[in-house]
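Novice: Protein sequence lines correspond, in order, to chains G and V.
Per this note's numbering, residue 11 is the first one in the first sequence, and the count goes up by one each step.
Per this note's numbering, residue 12 is the first one in the second sequence, and the count goes up by one each step.
Bear in mind the hints are in silico, worked out from the structure with no lab data behind them.
Incorrect hints may have been included.
[To be verified] Result set (DSS-like, lysine-lysine): computed pairs, CA atoms no more than 27 Å apart in a straight line:
| hint | chain 1 | residue 1 | chain 2 | residue 2 |
| --- | --- | --- | --- | --- |
| 1 | V | Lys-292 | G | Lys-130 |
| 2 | V | Lys-292 | G | Lys-206 |
| 3 | G | Lys-206 | V | Lys-392 |
| 4 | V | Lys-205 | G | Lys-206 |
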Amino acid sequence: MRTYVRMMVFGVFFFMILVALQGCARKQVGSGSESLAADQATGYQTDGSQMGGTGEGAQQMTPEEMEEFRLQEEKRRKAAEAEQAAKEKLRQEVVQNLNERIHFAFDSYELRSEARQTLKDKAEIMDENREIDLVIEGHCDERGTDEYNLALGERRARAAYEFLVLLGIDPDRMNIISYGEERPLDPESNEQAWAKNRRCEFRVAQE
Amino acid sequence: MPISLRSVLISICLSLCLSLGLPGTGGADTSLQVNIYGPGQSRINAYLPAPRPVSADQAQGAIPSRVEDLSRILQEDLSFLPFMHFVSTEDILGQDEVRRLSEDDIDFKRFQLSKVDLLLTMKWSSSDQGREQVELRAFDVYSGDMIIGRGYVLRNEDHVEQASRRFCAGLMDKLTGRSGFYTSELAFVRKTEKDKDIYACTPQGRSLRPLVDLDGYCLSPAWSGDGRKLAMSFVGQERHELLVWDSESESIHRTTLPGNTIISPAYWPGNGWVISVAPRKSPDIFRLNDDLSLGDPLVEHWAIDISPHFDAQGESMVFVSSRFGNPHIFLRHMDSGEVERISFEGTYNTNPSISPDGRFVAYSRLIKGQGHRIIVYDRQKNSERQVTFGPGNDEDPSWGPDSYFLAFSSDRTGSYQLYVSTRHADEAKKIPTGRGAAASPAWRTNVD
Numbered sequence: 011m012r013t014y015v016r017m018m019v020f021g022v023f024f025f026m027i028l029v030a031l032q033g034c035a036r037k038q039v040g041s042g043s044e045s046l047a048a049d050q051a052t053g054y055q056t057d058g059s060q061m062g063g064t065g066e067g068a069q070q071m072t073p074e075e076m077e078e079f080r081l082q083e084e085k086r087r088k089a090a091e092a093e094q095a096a097k098e099k100l101r102q103e104v105v106q107n108l109n110e111r112i113h114f115a116f117d118s119y120e121l122r123s124e125a126r127q128t129l130k131d132k133a134e135i136m137d138e139n140r141e142i143d144l145v146i147e148g149h150c151d152e153r154g155t156d157e158y159n160l161a162l163g164e165r166r167a168r169a170a171y172e173f174l175v176l177l178g179i180d181p182d183r184m185n186i187i188s189y190g191e192e193r194p195l196d197p198e199s200n201e202q203a204w205a206k207n208r209r210c211e212f213r214v215a216q217e
Numbered sequence: 012m013p014i015s016l017r018s019v020l021i022s023i024c025l026s027l028c029l030s031l032g033l034p035g036t037g038g039a040d041t042s043l044q045v046n047i048y049g050p051g052q053s054r055i056n057a058y059l060p061a062p063r064p065v066s067a068d069q070a071q072g073a074i075p076s077r078v079e080d081l082s083r084i085l086q087e088d089l090s091f092l093p094f095m096h097f098v099s100t101e102d103i104l105g106q107d108e109v110r111r112l113s114e115d116d117i118d119f120k121r122f123q124l125s126k127v128d129l130l131l132t133m134k135w136s137s138s139d140q141g142r143e144q145v146e147l148r149a150f151d152v153y154s155g156d157m158i159i160g161r162g163y164v165l166r167n168e169d170h171v172e173q174a175s176r177r178f179c180a181g182l183m184d185k186l187t188g189r190s191g192f193y194t195s196e197l198a199f200v201r202k203t204e205k206d207k208d209i210y211a212c213t214p215q216g217r218s219l220r221p222l223v224d225l226d227g228y229c230l231s232p233a234w235s236g237d238g239r240k241l242a243m244s245f246v247g248q249e250r251h252e253l254l255v256w257d258s259e260s261e262s263i264h265r266t267t268l269p270g271n272t273i274i275s276p277a278y279w280p281g282n283g284w285v286i287s288v289a290p291r292k293s294p295d296i297f298r299l300n301d302d303l304s305l306g307d308p309l310v311e312h313w314a315i316d317i318s319p320h321f322d323a324q325g326e327s328m329v330f331v332s333s334r335f336g337n338p339h340i341f342l343r344h345m346d347s348g349e350v351e352r353i354s355f356e357g358t359y360n361t362n363p364s365i366s367p368d369g370r371f372v373a374y375s376r377l378i379k380g381q382g383h384r385i386i387v388y389d390r391q392k393n394s395e396r397q398v399t400f401g402p403g404n405d406e407d408p409s410w411g412p413d414s415y416f417l418a419f420s421s422d423r424t425g426s427y428q429l430y431v432s433t434r435h436a437d438e439a440k441k442i443p444t445g446r447g448a449a450a451s452p453a454w455r456t457n458v459d
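All chains should be modelled from the sequences, with the hints used to inform the complete structure.
Specialist: Okay, here's the thing in structure tokens:
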């Protein structure tokens, strides 16, 4: 019996030691979690300098960890910039394609076959880029009177507008304006310049 | 019956004698007359000697600069009359004596022999430095009668120009029965380096001043009937607007209208403003309400209908329409609404202007190989004639208030400038308007 009691006391003592050892181990893991939480709460600017926070976690980051974090942020920033540049480049290409002019014969607002193809290309671009609105400008050469050329420029712009509407572009996404002979592309007074100046220009509307 | 006939003849003879013998007050009693509306105009040889002082005391001194300026400006202004030809002193018999001309004792025979028809004299007196008094007279050399005599006080340069204009207006009225050329003003479009603005000057190019200067293109100025307001179309960066400038308040009323295009405002006497806009597919001509909102259509067609212009009574409106494929001139009878075609020749006829008396329609025609030329269509004779001959392009014809003078723009010297001619195709005379191209003249009547 005495032997049995001794074994029981020894077992309890051993269990207590075991529990005490487990408690220490848990406390160490818990300290690590707190440290990580502090890191997350502390922000960094893209150049790696400390931005704010309590500093408790930062104090717990090693310089190597901070450098690694800064490098990751730099990489992420460059990737975002590259993505933005690609988008802008794509937009510029879209705008450039939309800017392509169409030309007309003297005293005419009839769309030539090449003008129709250009407008079809524009319609595709506008269909793919629904955030883009368009201003269509009608222009004339210097021959003729200011007043008739204003009217003719209006008819040229309207011809392009109506063709794009036929191709499915929402009329609310387009606006037209006639500048008549007031904004020549080529100021010379010869057939070559006049042919250049009888045109429609297209520009993306400013929001 | 024979007695009755004799009585009638006697009555007519007596009436003629009385009418010839009675002194008159208008131009009709002056022997020197010019029928500016006749098929062939007279030519008047005029002579203007140097100004002379009233008193002999001032004869030794120099002629005041304002008096000299008036002498020069008077001759320049009168030179705009196509029938007026100035004779130089070298062509007058006895030059030295002519230089000492005195109004009290004019030897008209000397001028008759020198083929002078009209003798102008100018006497001056100066009481102090800042003020000169001038007496201007015009004599009919063949009768020796004074046609007109006026006195003016000159205190500044503006007075000099005003004195010249008023004397010219009086003289023209005596000679022709009309004086509107010297009592009117022209608004016009001046091209600057960046845009187009509206300026005004007299038809002789004096009193030049800006009226409207905005960041955009001001086009097609048109005066209201009373000359108080000036309407124009304005092409801005993003849209067209109608501008109405008030000469009394010097303020600008800006408005937009349905559609994207505002072209060629005009004033319909008794009814207000008219304009060409495109609320649907193509520019048509509409009347505007008093608040400048869009009123009833006057011309509606699938084609381009622009450039309305009215006679002084508002009975007829000329306009441009491309309803036959190319721009041509049409006339709408405002009472019946009937539309009549005016131009048949050529393929590009634009810028119509109907004379205030409603008889003539001037417009610009593109002639192949030459450029634009001004054509005048006579509604009474149903005939037309070319009245300008370039070189370059002659455009924007605009009738003066007397239905005689015709202002237009031309690039015959390189850039567009204003010129004035007459319905008889007289030699075009350039209107000095300063730097920059000038176009689209619009007459304002009764300025003084």
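Novice: Sort out which numbered hints this structure fails and list those numbers smallest first.
Specialist: Violated hint (a single one): 3; every other hint is consistent with the structure.
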